[in-house]
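Asks: For the record, the sequence lines run as chains E and H. With the first letter of the first sequence counted as 1, position 124 gets the number 124 in our numbering; the numbers rise by one all the way through. With the first letter of the second sequence counted as 1, position 341 gets the number 341 in our numbering; the numbers rise by one all the way through.
Possibly wrong hints are sitting among the right ones.
Here are the simulated DSS-like pairs of lysine-lysine, each with C-alpha atoms no more than 30 angstroms apart in a straight line [unchecked claim]:
| hint | chain 1 | residue 1 | chain 2 | residue 2 |
| --- | --- | --- | --- | --- |
| 1 | H | Lys312 | H | Lys297 |
| 2 | H | Lys369 | E | Lys125 |
| 3 | H | Lys285 | E | Lys19 |
| 4 | E | Lys262 | H | Lys312 |
| 5 | E | Lys216 | E | Lys80 |
Hints in this document: simulated from the structure, not taken from any laboratory.
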Amino acid sequence: MIESAPSTSNPLLRLWRNKESRGVIIQIFTMVLVFALLAAIARNVVINLEAVGKQFSFGFLLWPAAYDIGFSPFLEYTNKSSHLRAAVVGLLNTLLVAFWGCILATMVGFVLGIMRLSSNWLVSKISYVYVEFMRNVPILIHILAIYSLVVTLLPPAKQAINVGADSFFLSNRGFYVPSPIFEDGAGFVGIVILISIALVFAFTHWAQRTQDQTGKIYPVLWISIGILIALPGIAFLAMGMPLSWDIPALKGFNFQGGMAIKPEFLALWLALSLYTACFIAEIVRAGILAVSHGQTEAAFALGLRPNRTLQLIIIPQALRVIIPPLCSQYLNLTKNSSLAIAIGYMDITATLGGISLMQTGKEMETMLIVMGVYLVISLLISAFMNWFNHRIKLTER
Amino acid sequence: MSETSASSHHAPGTHPDLPPPVRTTGVVGWVRANLLSSPLNVGLTLLSLWLLWMILPPAIQWLFTEAIWSAQDRKECWAMMDAPRDAACWAFIRGSFELFVYGWYPEPERWRVNLTFILFIAAIVGGLRENIPGKKYWLFFAMAYPFIAAWLLLGGLGLEPVGTNKLGGILLTLVVAVTGIAFSLPLGIALALGRRSNLPALRGVCVIFIEFIRGVPLITLLFVASTMLTYFLPPGSTFDLLMRVLIMVTLFASAYIAEVVRGGLQGLSNGQYEAADSLGLSYWKAHRLVVLPQALKISIPGIVNTFIGSFKDSTLVLIIGMMDILGLGRARLNDPDWLGLAPELYMFIALFFFISCFSMSRYSFSLEKKLQTGHQT
Numbered sequence: 001m002i003e004s005a006p007s008t009s010n011p012l013l014r015l016w017r018n019k020e021s022r023g024v025i026i027q028i029f030t031m032v033l034v035f036a037l038l039a040a041i042a043r044n045v046v047i048n049l050e051a052v053g054k055q056f057s058f059g060f061l062l063w064p065a066a067y068d069i070g071f072s073p074f075l076e077y078t079n080k081s082s083h084l085r086a087a088v089v090g091l092l093n094t095l096l097v098a099f100w101g102c103i104l105a106t107m108v109g110f111v112l113g114i115m116r117l118s119s120n121w122l123v124s125k126i127s128y129v130y131v132e133f134m135r136n137v138p139i140l141i142h143i144l145a146i147y148s149l150v151v152t153l154l155p156p157a158k159q160a161i162n163v164g165a166d167s168f169f170l171s172n173r174g175f176y177v178p179s180p181i182f183e184d185g186a187g188f189v190g191i192v193i194l195i196s197i198a199l200v201f202a203f204t205h206w207a208q209r210t211q212d213q214t215g216k217i218y219p220v221l222w223i224s225i226g227i228l229i230a231l232p233g234i235a236f237l238a239m240g241m242p243l244s245w246d247i248p249a250l251k252g253f254n255f256q257g258g259m260a261i262k263p264e265f266l267a268l269w270l271a272l273s274l275y276t277a278c279f280i281a282e283i284v285r286a287g288i289l290a291v292s293h294g295q296t297e298a299a300f301a302l303g304l305r306p307n308r309t310l311q312l313i314i315i316p317q318a319l320r321v322i323i324p325p326l327c328s329q330y331l332n333l334t335k336n337s338s339l340a341i342a343i344g345y346m347d348i349t350a351t352l353g354g355i356s357l358m359q360t361g362k363e364m365e366t367m368l369i370v371m372g373v374y375l376v377i378s379l380l381i382s383a384f385m386n387w388f389n390h391r392i393k394l395t396e397r
Numbered sequence: 001m002s003e004t005s006a007s008s009h010h011a012p013g014t015h016p017d018l019p020p021p022v023r024t025t026g027v028v029g030w031v032r033a034n035l036l037s038s039p040l041n042v043g044l045t046l047l048s049l050w051l052l053w054m055i056l057p058p059a060i061q062w063l064f065t066e067a068i069w070s071a072q073d074r075k076e077c078w079a080m081m082d083a084p085r086d087a088a089c090w091a092f093i094r095g096s097f098e099l100f101v102y103g104w105y106p107e108p109e110r111w112r113v114n115l116t117f118i119l120f121i122a123a124i125v126g127g128l129r130e131n132i133p134g135k136k137y138w139l140f141f142a143m144a145y146p147f148i149a150a151w152l153l154l155g156g157l158g159l160e161p162v163g164t165n166k167l168g169g170i171l172l173t174l175v176v177a178v179t180g181i182a183f184s185l186p187l188g189i190a191l192a193l194g195r196r197s198n199l200p201a202l203r204g205v206c207v208i209f210i211e212f213i214r215g216v217p218l219i220t221l222l223f224v225a226s227t228m229l230t231y232f233l234p235p236g237s238t239f240d241l242l243m244r245v246l247i248m249v250t251l252f253a254s255a256y257i258a259e260v261v262r263g264g265l266q267g268l269s270n271g272q273y274e275a276a277d278s279l280g281l282s283y284w285k286a287h288r289l290v291v292l293p294q295a296l297k298i299s300i301p302g303i304v305n306t307f308i309g310s311f312k313d314s315t316l317v318l319i320i321g322m323m324d325i326l327g328l329g330r331a332r333l334n335d336p337d338w339l340g341l342a343p344e345l346y347m348f349i350a351l352f353f354f355i356s357c358f359s360m361s362r363y364s365f366s367l368e369k370k371l372q373t374g375h376q377t
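Here chain E stands alone, though its shape is the one from the complex (with noise of 0.2 angstroms):
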């Protein structure tokens, strides 16, 4: 850099030389760039879709979506209903699979993730192999290689495998289970788990400011899975047990009655799972590793039992390290669920920035939408984990 000469007469270059001057320099410039950008695609997106004679409107939205979804459990859906219809059920599927997947990814994520710190040399390289080569493959291989395990090595629905009690089938068109039918009086049911629920909370409330001012330690556990069970239970039986099963028979070529899900949910769901579950792994060991064998040493110096110093100090301890990435590995997960675009599962993706797009040839609008939801979800969770991270936060002096 040039040694900065005070004398110099060009006030520009004056301005340019002052740091906080030249930091505004930059910023207009940036601004006027960015601007600039922006105005330039806003005139060519108008003229180009002028040019093909399109209007920029999202009227499209309430025209009937002339396509089926095969798979829509929440909503009735028929072709005869609106795109926007199409993209709440895409929607759902999407919450759906997602939901499903972060709750199987978790589970398997900690099972490998424990597997992996196993002093068991052989349980330890299992884990280490499967997370390995799970990971190291793209997620879209494994959701085509699960689909078509599942479609073409499972049976047609006539030879379908009975996994239980004649009521799960195991078929290429999905796995059928029992579904529930309420009747009357199973509103009562629901309401009384709403209670037990808000009793378990305000129980455990109860047990820590206890716990906090007598230093007296309740089963907190064990009285909430009692209150949980026992009051819906009596509810249940006193009500006459409002509640039957639709169970799945075989008509014809396929089943009727029951619940299916779908094939393609299955691929979708396991492949999501299993591969998140190697990420989820990777975290747990982090974070178990990540709490010094001094806090174990100091725990059981002061006479805690191992399962009060697990539950006390290293879990407590290990989840602050977990959450985080692990708030981030669900946002993952639920971004790689717009890949079920390959296999035919309905969601957002599929229903609205697939199908609707071709159909109505809105490409901005619904490309608008779907990055608009996908959006929303991610800072729904980031706010989510910003809280959390919040709340756990180390207090410090």
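Given chain E's structure and the hints, the job is docking chain H onto it.
Replies: Below, chain H without anything else, positioned relative to chain E:
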């Protein structure tokens, strides 16, 4: 006690050391310590052995011992087995190997692809090896490599031009992945510096860009590239689909790199910035000489992980109809000669990705160890 009688020949204190008990050394000791240390561990070992026994012999049989390596089509393959699908039919992969590697690249021009592959290996080895003579020139070569490769593959300037629609298979996978990797690093570093800058406008633009890209799935960005990017461009201009996809893949990876590098920048102690300032270094000099070398070193594992991620993400281009190794392989499955050989195909492609990604992660691991300078912060 027999030992006492045996040791009586030695003067006190001169007894030679006895070997450790057989039960604690060698294979026996290892097995006792690592497999049978407690009743629970004995159970786990038995369970694991049972699991391996259920999985490994049939897998080895299917993969190797009973697999068919040469045949004209699947009928011939299956005729050689006890029952169809009893073992792998690798003849399928062998028969399609050239297609899988080169795509539809014209036969007489394939030497260019081979040369690109060779130069690729040279650029990687030259760029990464520490003690190689002329290290500086190797680095220049590695930086120029993407442009040399583009010229070799697409032609022009004296070479026969080849359309981008002729690229396919492993070649296309590598083109997408290497472009994403090569260009996302500088862009990502720039974004990270922008996000750390104390100029609010610059920082705001970078934050919005990074968070937007990280908030949406890559597949939606690829849809944007394939369906609506043409609307953003001046009317009448056409833009090759591959080019649009490459831009999107690069932007996507750069947002993730930016976050990794930001982590590295934050991991640096404030004293480093202050020391650079007190030496009178300008912003760029301070970053080039003091901050970035240290920050990048801390972020190597994260950067390589992002590279692995973008290598794996390159498969997503099949969803917008491009024929990378996965797309081409799936198209090949519809060939009546090879109908229904999906397990073989996915096994082969999975192996290709596993070898590439696993070696990348091993390399990052060894680099991390080598760069460890002892003082950990």
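Asks: Report the numbers of all earlier hints that the structure fails to satisfy, in ascending order.
Replies: Of the numbered hints, just 5 does not hold.
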